[in-house]
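The task is simple: from the sequences and hints, build the whole structure.
Protein sequence lines, in the order shown, are assigned to chains Z and R.
For what it's worth, our numbering labels the leading residue of the first sequence as 1, then goes sequentially.
For what it's worth, our numbering labels the leading residue of the second sequence as 1, then goes sequentially.
It is worth saying that the hints were derived from the structure and are not from the lab.
Computed from a predicted structure; not experimentally measured.
Backbone N, C-alpha and C define an ideal beta-carbon position, used for all residues, glycine too.
Take these hints with a grain of salt, some might be off.
[To be verified] Pulled from the structure, derived: some chain R residues nowhere near chain Z, Cβ distances all over 12 Å:
1. Q82
2. Q257
3. G279
[Claimed, not checked] Cβ pair distances, simulated, as ranges:
4. R:S143 to Z:P6: 57 to 63 Å
5. R:S143 to Z:R162: 55 to 61 Å
6. R:G219 to Z:R137: 26 to 32 Å
7. R:A61 to Z:R137: 24 to 30 Å
8. R:G219 to Z:K158: 31 to 37 Å
9. R:F68 to Z:V136: 26 to 32 Å
10. Z:V136 to R:V39: 30 to 36 Å
11. Z:F8 to R:V46: 17 to 23 Å
12. Z:R137 to R:F68: 18 to 24 Å
13. Z:I105 to R:V14: 26 to 32 Å
14. R:S93 to Z:V16: 50 to 56 Å
15. Z:L156 to R:N269: 24 to 30 Å
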Amino acid sequence: MIITSPIFARLAGLVVVAVLLELSFFSRIPMLGTVPAVLPVVVVVLGLLGGAVIGASSGFGAGLLVDAALGGILGVTSLALMAAGYLAGRWRETYDIVSTLVPPILTGVLTGVASMTMLAIHLTLGIDASISVLAVREPIAQALMGGLLATGLFPLTKWILRPALVDDVRRRSGRRPAPSMLGTP
Amino acid sequence: MYRKQVRRRRATLVALVVLALVLISTHISEGEDGPLHSVTDTIASVLSPIEEGASRALKPARDLVNWFDETFEARGQNDELQVEVSELREQVSLLQREVDLRDEIGEVGSLDGTDGFEEVAAQIIGRSSATYLAKLDIDKGASAGLARDDPVVVGEGLIGRVSDVTGGGATVTLISGADSSVTARVLEDGPTGSLAPIVGEPGTLLFDVIASDKEVRGGSMLVTASFTDGELTGLFPQGIPVGEVTSARATDRAVGQRIEVEPYADLANLPETVFVLTGGPS
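See the structure below:
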């Protein structure tokens, strides 16, 4: 991804809008015993489009905003989202996205990972409450809903960031994409 | 070139991880008035009006989604509601007896201890997506007279307490939130204990009875209980309905009973407006 000032502004805007949507909309629509988590989905999609650094940085920023808005422990959500964004970015840098099914599946899995990581961090920091095995239901449900959300959010985010995507720039200028330097597709 | 990219990527990741860990450890170790908490409060103050605007703008979309959900759910609720009405009638009669009893002994003139509290209506403008954290953002803060630990209620009963306040907004931790605890007692004349959440089961609370051999039965009603022990006082005024005992079964341990309570308020589907009881009797 080619980062210019306008693209940086778009990235920041996407993260802020995702935070607001998560707090004011998605988290207030109960489904499958939990609520959809749109923030990990957006972070993973940014990682898939922009690479590990973009994924990790946007996860860090989004997490800080959420923790500050909800009076949580600053850094916990950042750490969980950063992990998801970084892993998505590493996937993009290592493999090609050869099928339209890859983004939703990967986003679903990494949304579940982010949710599970956050629960694990909170448990490590100490939760003064009983823990039911049903606690794993939330990451699984959020993973499923994350995969569904990604089917719409991945193409939308790709369209918003299109001027910065290297492959798209090459394609539009009539050049064939260069083979990946980081691994075999 | 490639190695430089890898080095840059690793350096960024390490820097972000270290920064996150420093933030976590500082946030936990410093006091409520520490510099990091001040920064958080400032960010929350800036975000609060934006959240409020976003919440209002998205209300029609939320209503639409919830309308579909509620319409399907309502079909199956008719029988349940009829049973609930008969149970509520019994509870009303229990409460009336308690009022009469209190009036007789001249203890408190009304059923609950919320006399003297001012009710401040507040709109929910944000909510955490992790159900075990169970935090809400509301659009009223210190400027409306709210203070930390003020109880928050809806029509059905207690839903939580104010856990963080800024000038124009506040964060509420629900009774299903991982760090929540409510002192409650069983009506009528039942034992007092502490209600704690279960991570993974947001619709259920565990009632831990404090030193009592009184047996608790299913269907019993729980209300908040106040207490004073030296400088320690309970967070909630007494008498706010909290929930109903759904299961009370004997255990092998010395604890006696495992008592599960379902909150009266539907914590997953809260109304747009909640009420903060602020001030308290002077």
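Hint by hint, here is what the structure shows:
1. Q82: 24 Å, holds
2. Q257: 15 Å, holds
3. G279: 22 Å, holds
4. R:S143 to Z:P6: 57 to 63 Å: 38 Å, violated
5. R:S143 to Z:R162: 55 to 61 Å: 44 Å, violated
6. R:G219 to Z:R137: 26 to 32 Å: At roughly 27 Å between Cβ atoms, R137 (chain Z) and G219 (chain R) fall inside 26 to 32 Å, so the hint holds.
7. R:A61 to Z:R137: 24 to 30 Å: 26 Å, holds
8. R:G219 to Z:K158: 31 to 37 Å: The hinted range 31 to 37 Å is violated for G219 (chain R) and K158 (chain Z), with Cβ atoms some 55 Å apart.
9. R:F68 to Z:V136: 26 to 32 Å: With a Cβ separation near 28 Å, F68 (chain R) and V136 (chain Z) satisfy 26 to 32 Å, so the hint holds.
10. Z:V136 to R:V39: 30 to 36 Å: 34 Å, holds
11. Z:F8 to R:V46: 17 to 23 Å: Cβ of F8 (chain Z) to Cβ of V46 (chain R): about 20 Å, so the range 17 to 23 Å holds.
12. Z:R137 to R:F68: 18 to 24 Å: Taking Cβ atoms as reference, R137 (chain Z) and F68 (chain R) lie about 23 Å apart, which means the hint holds.
13. Z:I105 to R:V14: 26 to 32 Å: Holds - the Cβ-Cβ distance for I105 (chain Z) and V14 (chain R), about 29 Å, lies within 26 to 32 Å.
14. R:S93 to Z:V16: 50 to 56 Å: 53 Å, holds
15. Z:L156 to R:N269: 24 to 30 Å: 28 Å, holds
Hints 4, 5, 8 from the list above are not met by this structure, while the remaining hints are.
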